[in-house]
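Residue numbers (the working numbering), protein chains in the order written: chain A, 28 to 110; chain B, 2 to 241.
Derived from the structure by calculation, the hints contain no laboratory data. Among the hints, erroneous ones may be present.
As the list claims (entries may be wrong) - When the alpha-carbon atoms are kept at most 30 Å apart in a straight line, the in silico DSS-like pairs for lysine-lysine are as follows:
1) B:LYS170 with B:LYS153
2) A:LYS96 with B:LYS208
3) B:LYS124 with B:LYS153
4) B:LYS212 with B:LYS170
5) B:LYS170 with A:LYS96
6) B:LYS212 with B:LYS153
7) B:LYS212 with A:LYS96
8) A:LYS90 with B:LYS208
9) B:LYS208 with B:LYS170
10) B:LYS124 with B:LYS208
11) B:LYS135 with B:LYS170
12) B:LYS124 with B:LYS212
Stated by the list, open to error - Okay, the calculated bits of chain B under chain A, using three or more residues with CB under 8 Å as the criterion:
13) 17-24
14) 107-115
15) 199-211
16) 232-241
Note that beta-carbon positions come from the ideal geometry of N, C-alpha and C, so glycine has one too.
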Amino acid sequence: MMEAPQYVAARVQRALAEDSRTHELGIRVDVRGDQMFLRGQVSGEEHRQRLAAVAQEVAPNLKVHNEIKVVEVTRPGEDEHLD
Amino acid sequence: MTELRIAAVGDVHLGEDVRGHYRQRLEGIGERADVLLLAGDLTRHGTAEEGRLVAQEFRDLPVPVVAVLGNHDYHSDAQDEIAAELRDHGITVLDDDGTVLEINGRTLGIVGGKGFGGGFAGKCASEFGEREIKSFVRHTRTIAESWQLALKEIEADRKVVLSHYSPIKETLEGEPLEIYPFLGSYLLAEAVDSVGADLILHGHAHKGSEKGMTPGGIRVRNVALPVLGRAYGVYCLNGG
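One chain only, chain A, in its complex shape (with noise of 0.2 Å):
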């Protein structure tokens, strides 16, 4: 019997959360028939990387999208002055 794609998501998420590669708790996953979303933020390409690898061992049989940003650390912005 094919396992509720409900389960395989929540798998990876845990995967990527407890994983010793990834530890990251903050990623979307979505999966729609053969097909596997990653969505989310972290803070490097490499890592972003890892988290597509360590998702892909959890479910070798779909295909991932790894829609993953990274986070540009751009200049600082404007002062807000609490009154």
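Please build the complex by placing chain B on the supplied structure of chain A, with the hints as guidance.
Relative to the frame of chain A, chain B by itself:
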């Protein structure tokens, strides 16, 4: 009138692959701010090696740096080593206590620590039932009590609370409602409201919102890096 310019950021999650990147964005901070506050989750895996990397990234800045740790920094049970590493590099680390800085003849009191979860008034866990639930909520309560005491004891012209977890729901907007109890606790806000402070800064909620306020009217800012979308926020308080 002297303004106290407080730069703040949380959730920088530094790793070897981004070594030195954040440091570049700190250039010129001495002209923009009087102090830099770090709202936890400085590392990804909470290892001592990452702690060293964080210390190197934030060492020897032209402004004092005050930090709290976050849940990621606790993951490898190396929180004490990480804190020691930061302190060895001149960074003050708060652990449910406070410190006072003198800035341009005014004093800024900073109180805080990691904080913890439990949820928000009316929709939260309480110290009832299984031992595990009781110890979860008790951890938050103990922290809130320490902050309340530290705020009472500290004497300063202005007071800021620095946390990793959120004291209010408003700055979590954007996060799934179901995980709010893991993102913060109203007990933290209640403790601060009971004594008073000028500003509360926190991180942890990457998908949350920047601005909110406590039921007592204290301004709250979520300074998690993905929320800010810039290297750090600068919040100016009238120094009195």
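Please name the hints from earlier in the document that this structure breaks, with their numbers sorted from lowest to highest. Violated hint (a single one): 14; every other hint is consistent with the structure.
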